[in-house]
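Residue numbers (our numbering), protein chains in the order written: chain A, 1 to 249; chain B, 1 to 249; chain C, 1 to 249; chain D, 1 to 249; chain E, 1 to 249; chain F, 1 to 249.
Think of the hints as simulated: they come from the structure by calculation, not from any bench. Treat the hints with caution; some may be incorrect.
Given that identical chains are not distinguished, each listed pair holds provided it fits within a single copy or across any two copies.
[Stated by the list, open to error] In the DSSO-like style, the derived pairs of lysine-lysine whose C-alpha atoms are separated by at most 27 Å in a straight line are:
| no. | residue 1 | residue 2 |
| --- | --- | --- |
| 1 | K169 | K63 |
| 2 | K222 | K139 |
| 3 | K31 | K222 |
| 4 | K169 | K222 |
| 5 | K129 | K2 |
| 6 | K139 | K63 |
| 7 | K232 | K129 |
Number of protein chains: 6
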Amino acid sequence: MKIRIINPNTTRSMTDKIGHIAQSIASPGTKIVATQPDSGPRSIESHFDETVSAVGVLDEIIKGEHDCTDAYIIACFGDPALLAARELTTAPVLGIAEAAFHVASFISTKFSIVTTLGRTRIIAEELLKRYGFYDQCAKIRAAEIPVLTLEHEPDAALRLIIEECRRAKEEDQIGAIVLGCGGMADLTEHISQEIQLPVIEGVSAAIKLAESLIGLRVRTSKFGDLAFPNPKEFQGVFAHYSAGASMQT
Amino acid sequence: MKIRIINPNTTRSMTDKIGHIAQSIASPGTKIVATQPDSGPRSIESHFDETVSAVGVLDEIIKGEHDCTDAYIIACFGDPALLAARELTTAPVLGIAEAAFHVASFISTKFSIVTTLGRTRIIAEELLKRYGFYDQCAKIRAAEIPVLTLEHEPDAALRLIIEECRRAKEEDQIGAIVLGCGGMADLTEHISQEIQLPVIEGVSAAIKLAESLIGLRVRTSKFGDLAFPNPKEFQGVFAHYSAGASMQT
Amino acid sequence: MKIRIINPNTTRSMTDKIGHIAQSIASPGTKIVATQPDSGPRSIESHFDETVSAVGVLDEIIKGEHDCTDAYIIACFGDPALLAARELTTAPVLGIAEAAFHVASFISTKFSIVTTLGRTRIIAEELLKRYGFYDQCAKIRAAEIPVLTLEHEPDAALRLIIEECRRAKEEDQIGAIVLGCGGMADLTEHISQEIQLPVIEGVSAAIKLAESLIGLRVRTSKFGDLAFPNPKEFQGVFAHYSAGASMQT
Amino acid sequence: MKIRIINPNTTRSMTDKIGHIAQSIASPGTKIVATQPDSGPRSIESHFDETVSAVGVLDEIIKGEHDCTDAYIIACFGDPALLAARELTTAPVLGIAEAAFHVASFISTKFSIVTTLGRTRIIAEELLKRYGFYDQCAKIRAAEIPVLTLEHEPDAALRLIIEECRRAKEEDQIGAIVLGCGGMADLTEHISQEIQLPVIEGVSAAIKLAESLIGLRVRTSKFGDLAFPNPKEFQGVFAHYSAGASMQT
Amino acid sequence: MKIRIINPNTTRSMTDKIGHIAQSIASPGTKIVATQPDSGPRSIESHFDETVSAVGVLDEIIKGEHDCTDAYIIACFGDPALLAARELTTAPVLGIAEAAFHVASFISTKFSIVTTLGRTRIIAEELLKRYGFYDQCAKIRAAEIPVLTLEHEPDAALRLIIEECRRAKEEDQIGAIVLGCGGMADLTEHISQEIQLPVIEGVSAAIKLAESLIGLRVRTSKFGDLAFPNPKEFQGVFAHYSAGASMQT
Amino acid sequence: MKIRIINPNTTRSMTDKIGHIAQSIASPGTKIVATQPDSGPRSIESHFDETVSAVGVLDEIIKGEHDCTDAYIIACFGDPALLAARELTTAPVLGIAEAAFHVASFISTKFSIVTTLGRTRIIAEELLKRYGFYDQCAKIRAAEIPVLTLEHEPDAALRLIIEECRRAKEEDQIGAIVLGCGGMADLTEHISQEIQLPVIEGVSAAIKLAESLIGLRVRTSKFGDLAFPNPKEFQGVFAHYSAGASMQT
């Protein structure tokens, strides 16, 4: 089976890291295609970044539809374009925030999130509400590190994240921590050992859940609001979307 | 004062209609700039359409920032890119769904929504929850007409909308109806007279609320998650966003 | 147009202050009638005060109905008698808590309230729930000053309010502050400059929103629970309400 | 022990009926004082009626405070002035809607309400939310009979109520019905036998719950928002409330 | 009337204490049967303990059905087996957590819970949500004392509980405290005097509420999900439940 | 890896069926141990049945702990004893209702449940709320067939279930259906083809999710309320639980 994992930002080193983590957790028979949009922001740290990144995510879904993809993963903690992506395919599509929340809820009754910048807390809060995990999240915490610091100063970033995770463990009465950024995917084991608490990271979680859905042969429902979009004309730089029907082949 | 009303789709006749309604309701001193993206879908009827349209909305905000704009309105009932747009400016930004819900809540304790296609119901439901009006909405109804039918077969569309509004009045125990599409803006008075119930339409509502906010001199908060996005590099067709700092001038 | 702004307590200096603020924010063509009940408490700081004040508010609505009023504002942060008032008129009626919440939600994703006495926090909480803004309010704070201290010791009151607002800014991760008392209406600008955060005050907010509703020509719905009360006999000091039909003229 | 049951409207026959039901269900040692305001509406069928009736309820509480009252009951299904009444006394105060909801939740997992006029549904809905029983109520139904029809045409009223209760039983998947008007108190047994489902009526429920609270020696908390109101000056017809301190004796 | 109060754990001294408190608060005509399961844990401090204890509770209900019982009380703060117990009888069944929440809501607008071990907080949280009191509870606190410490080191336990109650009073802005363990039933008055705040304890609350329900002659509804279980075969140590029909005699 | 799937009732044919489905969906390297309690009801159709079955489930967990089990599944749609089971092991434990809800939420925005008897609807409702999927479930429907009819009259049962599923598809505006009974596990494909809508069944869903969690090496958190129960004495038929410490080996 083939899983396409899409890093919605355009930082190659992050895409590579995500792909590496994904492949290392995937089952032997699973082929990981780690990809990133041709166009979009280097990192996603605001509603603006997220909104712009969404189009690139959809392009990667469309490419995947021509590449016999069995499942898709959107590897940014805001799950950009998730519902739109589901419209474009019958393959399952998962976001990494979504995946992490689901897994955390299986092994604990309360978890906290530790994310990068405080200004993205509202995005996580919105997702918790939409997916139904709002009451199961004790607190959304931010280590206040820009996303790319995870790439350029990994040691400093790690130290700050561990500090925030420690506060979460001491103050939040939780059973697990969810790491709130795709770029933290390689830190999970280290942090978990350091603070002695289960730490859930969305990239791995999404890969294994995607394999589950493939194994179950469940497909994104084409009844109701996730049906393929009605074909229509698009203008300008998006004119290539006009051939909507081709999305369905 | 100058209000930029952005039709997120690329159908000129709809932009003109929206601009016309907007100007007719605006105060004498208000200049309406009705605009639409250079790129994007002809109509918005799915998560996919909405996600793609969002980038065009942001471009129009950025243009507006170089045009002394006092407030912005996003004139599609899904309020695409609303929070991202608010990040890009200190001027107030309103969505027409948001505006319609607020106004409906001032004059009734329960309202129903009548929208175009059933598949977009979930978008309205999500917005009701996000803004806090979920309990005040009795039912989200769809007349099952494609958006562009409002342009091409207005009489047939009107008849179907009135039928659905009548069912809403009879069955939903409501005090008002919210029309769930920017393209219905010119039908409000006709429908209201026909069914004898207050009918709220978001374009007018948003114009008057925007004038209120301008009059109050309240500005989109730059503290917390609506602060200007951190400047960063963008790739590909979005490379022009890299000069993030210029957004703030 | 004529807006009747009702101070539900019977302290003339507060009515004058509210009237002054209202007139200063109103559009040139708007005539403000600032009024207060003949009967009722000097200040409203409890459920008891609020319940007693409600009758006076309704009397002022009835007077307004004989004075060609285009919209009403109830200028106490508990929004006393709001739904009852809406039954008595087709003109729009707004509460200042309601108005402030709506405006705050347009420019921020989270706000805190700073009110007078802690014992009234529960009233604000109830309103947040009823109007749908409960999740958008980070915290309800009290400066623990009696309402009339705002009249008699304005400098001391201001200092305490600014201190509480500063704590809100530092601790609550918010984008705006809502002032929780009609008597604070004149402090908005001062506080906002002092703490460098948008500060919303309900009197101004309500005036501009009321002008919006008048401009939209939307009227309080007479379908369902906001219909005119069924005429009936009243006893004792309320016997004059028996001529219910006259309310509708 | 002495329980003061206050009919918030001024229809003597209804007060008598309520008093009769109350006495018949009360324990041997319980003295029932059934009373009604000197001033107020003949029946309560709107927000306006309810708001006006609230002052009379408070007057009856104050009278009760000079009459060694052990507990109070507010016998109108909108529970008018409940929190304000609790401020005025250390004795327990119960509303009949509140009492009926509590009892229904002890013997069923879902109940429906059958009330008088449809326009008062919103009042019941608000109470369900405030008290926490919103999810336990399957449906709020109205027999569409004016309150006083219960007094003047009891047989016709009974027939309509039974019809609505029957529909509730057949359609709502419920375990019990709550009668939504104090004036229905004498119909409980008849309806219950007719439709073969537990029927809860608030007057009886409130009497027995009040006896419980008296027996427990729990008193309305004077900490926080139910503390006695701060004494202050009242104007006009409410001037007699100025001697606030005397409320506490 | 006869009330069977079931201590779900198998510690005799606790059963005796609960029986003693129950009898002391009961009305003269009420006979208390205090009982405990033959099988089960010495104390209940986990989901596991609670699940195992539930069967013993049901056995005690069945015994009660052969002993002319008028009402049942389940005297553990997790209310184990409450809905199952209600299926087995037409007599009212109350849990002590449930009873305490109801009573606390009658005399305050916000309360905090002080329970034994932190790990049981999630059980109380679940109950608050199920019964509808989640928003009325300010905080669930734990004194971090094992349940049996209440039996073996009552003075030390009392001191820790009072400390936690004091913190609740100072920090939680509440009107009352609910004690979160049946084993604390004898401490209520002492704690209340010490911290000067109403303290609610579930055993007493449940006794008086049960007397109310008996007085009201309301019975557990046999319509819908609380109907008697369908008779069926049980295997193994539960084979005696096979004669399901006999439960109904 | 070894997954122990526990049928909480004692009907061998159902255990066999569940085991067969489980094995057929499991990955090649997964060994399925399908088991049922020695003691308990033949079917689970009430709160009583569920409560009694819970002990047997826990016994099966304890047996599994001596059998190198990698994950557990509780194969009854009420997810009996789920949290208690999680306390007893570090291996992941899943319920089939839980698993089905999670999977349904990945491929649709709204789903309906079709269960056996109407009286168990409340159990499903409670689970939807606890897990966070309440808003994503359009309707809980019952085909009104006793559980064992699925074993003894499979054709008649299937027909009724398909009829109810068809109504769900036509009336509920959903993207998927969740089958609400472990005994329906073998019907999924047939029903899905018949009604042309994705049909989710919990046994398969749970197996694949369990494999995911094993692959992720996440373990049930032993911090907070899912920690191993404190060892203590148990009486009577549960005396063997006294050696609590041994559970942890």
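Hint check results:
no.	hint	in the structure
1	K169 to K63	neither (42 Å within a copy, 32 Å between copies)
2	K222 to K139	between (35 Å within a copy, 19 Å between copies)
3	K31 to K222	within (26 Å within a copy, 34 Å between copies)
4	K169 to K222	between (42 Å within a copy, 13 Å between copies)
5	K129 to K2	neither (31 Å within a copy, 35 Å between copies)
6	K139 to K63	neither (37 Å within a copy, 37 Å between copies)
7	K232 to K129	neither (32 Å within a copy, 29 Å between copies)
Violation of the numbered hints given earlier is confined to hints 1, 5, 6, 7; the remaining hints are satisfied by the structure.
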